[in-house]
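Novice: Chains as they are written, first to last, in my numbering: chain A, 37 to 257; chain B, 39 to 290; chain C, -9 to 218.
These are calculated hints, taken from the structure and not from any lab test.
Please note that a few of the clues may not be correct.
[To be verified] With a cut-off of at most 25 Å between alpha-carbon atoms, the simulated BS3-like pairs for lysine-lysine come out as follows:
1. LYS121/B - LYS122/C
2. LYS201/C - LYS147/B
3. LYS200/B - LYS201/C
4. LYS121/B - LYS155/B
5. LYS122/C - LYS149/B
6. LYS95/B - LYS202/C
7. LYS147/B - LYS121/B
8. LYS176/B - LYS201/C
[Said to hold, decoys possible] Rough simulated footprint, nothing fancy, chain B against chain C, three-plus residues with beta-carbon under 8 Å:
9. 111 to 123
10. 131 to 143
[As the list claims (entries may be wrong)] Reference excerpt, derived from the structure (chain A facing chain C, CB under 7 Å, subset only):
11. ILE101
12. GLY113
13. SER116
14. GLY118
15. ALA229
16. CYS236
Idealized CB from N, CA, C, for every residue including glycine.
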Amino acid sequence: MNSIEQLLTALIIIVRYGLSNSILVSTLAFFLGLILGLIFVFIEVLGGRLASWTVNLLVVILRGIPPVLLLFIIFYGLPSIGISLNNVVSAIIGLGLISGAYQSQILRSSIQAVAARQMEAALSIGLSKWSAYTSVIFPQALRLSLPGLVNEYTIILKDSSLAYAIGVVEAFTQAVHIAQARFEYFTPLLAVALLYLAICFSLSQVVNYIYLKLRVLGYGQ
Amino acid sequence: MGSDKLLFIEDLHKYYGKHHVLKGVNLAVNEGESVVIIGPSGSGKSTLLRCINLLVKPDKGRIVFDNEEITTGKIDVRRVREKIGFVFQHFNLFLHLTAIENVMLGLIKVKNYPREKARRIAEEALLSVGITEELWNKYPAQLSGGQQQRVAIARAIAMEPKLLLFDEPTSALDPELIGEVLKVMEKLANEGRTMIVVTHEIGFALKAADRVVFFDDGKIIEEGSPEQVILNPKTERARRFLFSIRELYRLE
Amino acid sequence: MGFAEEIVYLVSTYGVSLFNAMLLTLEITSIGFTLGVLLGLPISLGRVYGPLPLKALLAAYIELIRGTPMIVQLFFIYYALPLVGIKLDAFTASIIAIGLNSAAYQAEYFRMAFGAVPREQWEAALSIGLSKWSTITNVIIPQGVRIAIPALTNELIYLLKYSSIAYFVTVPETVYVSKVIGAKTLLHIQIYTITAVFYILVAVVLTKSAKKLEERVSIPGLVVKGRI
Chain A
37 MNSIEQLLTA LIIIVRYGLS NSILVSTLAF FLGLILGLIF VFIEVLGGRL
87 ASWTVNLLVV ILRGIPPVLL LFIIFYGLPS IGISLNNVVS AIIGLGLISG
137 AYQSQILRSS IQAVAARQME AALSIGLSKW SAYTSVIFPQ ALRLSLPGLV
187 NEYTIILKDS SLAYAIGVVE AFTQAVHIAQ ARFEYFTPLL AVALLYLAIC
237 FSLSQVVNYI YLKLRVLGYG Q
Chain B
39 MGSDKLLFIE DLHKYYGKHH VLKGVNLAVN EGESVVIIGP SGSGKSTLLR
89 CINLLVKPDK GRIVFDNEEI TTGKIDVRRV REKIGFVFQH FNLFLHLTAI
139 ENVMLGLIKV KNYPREKARR IAEEALLSVG ITEELWNKYP AQLSGGQQQR
189 VAIARAIAME PKLLLFDEPT SALDPELIGE VLKVMEKLAN EGRTMIVVTH
239 EIGFALKAAD RVVFFDDGKI IEEGSPEQVI LNPKTERARR FLFSIRELYR
289 LE
Chain C
-9 MGFAEEIVYL VSTYGVSLFN AMLLTLEITS IGFTLGVLLG LPISLGRVYG
41 PLPLKALLAA YIELIRGTPM IVQLFFIYYA LPLVGIKLDA FTASIIAIGL
91 NSAAYQAEYF RMAFGAVPRE QWEAALSIGL SKWSTITNVI IPQGVRIAIP
141 ALTNELIYLL KYSSIAYFVT VPETVYVSKV IGAKTLLHIQ IYTITAVFYI
191 LVAVVLTKSA KKLEERVSIP GLVVKGRI
């Protein structure tokens, strides 16, 4: 087999038997993170002092913990208190929790950006603070958050390779398996790198496109 | 070309894309002369000043400065700029440096003066524009607009330039701060410095200019003594422009 | 044994090896970060002010690094480079992978910070006769570095967490050692709690110190709209 063939077969194996797990884990983790992020930000903006203090603490913890460590805590640690999860679910929850902290920050900064310009206007026409948020600020803030959220997805996708640590057979794990079988790391690693690059590059084009659209809508900076 | 001509501009053109900003400017400035350029905004006055110290590259024409053509490719741009002081509309002080450090930077990095010498010259320059010791170690943001612009003038004159360019130096200032800057500029003109000032301050022009140039649509429309151009303009366009400016002043 | 007693037991039994592992984590992080600054700053300058081919090359490097997971980069350096005769031990491979990775991100942070320096500062510097290089070193970098501090702090904390990828090539850093202790004692959640607290505490201390540093080097009026 020449090296091009080796690269192609590695690509095919990774796409067929690894990539779907990468996408599954990243996508579910992303949506878990989105839900958590929304909850966090709702509590921070509209909740009481104790509630938002708790959320802040949670965000500090989740932003400070290495993803691998959190995966170990969930996969190896939780069974000792009676919660046993399989490795794929553990990866989704671990990456989702961390992403929740980051997504809440993305959402919060765009809420602040919109509120700075629109809150007074919304209140001045007689809206309550609640409806100012729900009908004026949040809808705009979500749009403004889109580039950051898509970017966050690429970060989760890259982090999903860390699920290798708990034996999830995603793209990177598959590449390592091929490498170990062939006693040759270069081509399988190149293959998986090309895959990540292709996805990340496409998504960064999406981000640019959204930025362009947002600028048309008057949100450009 | 006489040796008393410090600056000589011939048929200068500048395009920004399709936009023809300078349409053949001819201007000569004598050593020790102060020239005021007036004219509507967007007429290319700023671009003309930026061409003279090569911040903007002209597309056609010649500029001879200090007996040397500076519009050829071979010229050392930095040596030219060192000899020409520029005062910006928005002061453009270095935000991370104190007032005195702003003045010292060029002395140290361009003139290669030792720190002590640079400091002495900077102090002198600051005092000459009325910036006293208690302000020397303040950052630009801690100074008023008038003070900032005077520091910017000190930064320019400390380099001992042969020519000073002022690009609407008082347009960004609150009205009550304009006077202090104009006074410094008058003093510089009276000291016999060669300067070109783009401004709407016709009071300054009448008091301090040796010559006034009316500029519109990328060209010099009219030039002469301040009294002649400001009080008795020959062209209709200059008359209309000066009328509107004088109206504004009377209202104030 | 209760949870607290188990923690005490772990600390008293494995304290020394945990402590050494944590030192190693801090070492990997700081060396990786320093490498990142030393490479990232020139990369950003080349990317912004260099000739066109260099710009393209550096942009490609940044895209390549940012488009792939750090662990892939580490495996490349540790497992694939020996193929061309470059054999590195696990520790060296880790700090090189982290440094090369961080350089790409830091180059972007510096680039954005330099871009945030107003264009007028350039004009002012050129107008007194400073050269392009002199303007960069005397005006753009001093202002840009201050602007970049918050982003660089985030990067440092990111590296603190991701120094744990060295675990995958068996460098005995914090995650590796706690995994071993966990497997040996079966006190998984207890040992991971200890290490998690370590990471979070260091992250909090770094954040606080960076705020202090930012205040100390801050200059009145030198503020940027919208943090990068």
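Novice: Which numbered conditions among the earlier hints are violated in the structure presented, ordered from lowest to highest?
Specialist: Of the numbered hints given earlier, those the structure breaks are 2, 3, 6, 14, listed in rising order.
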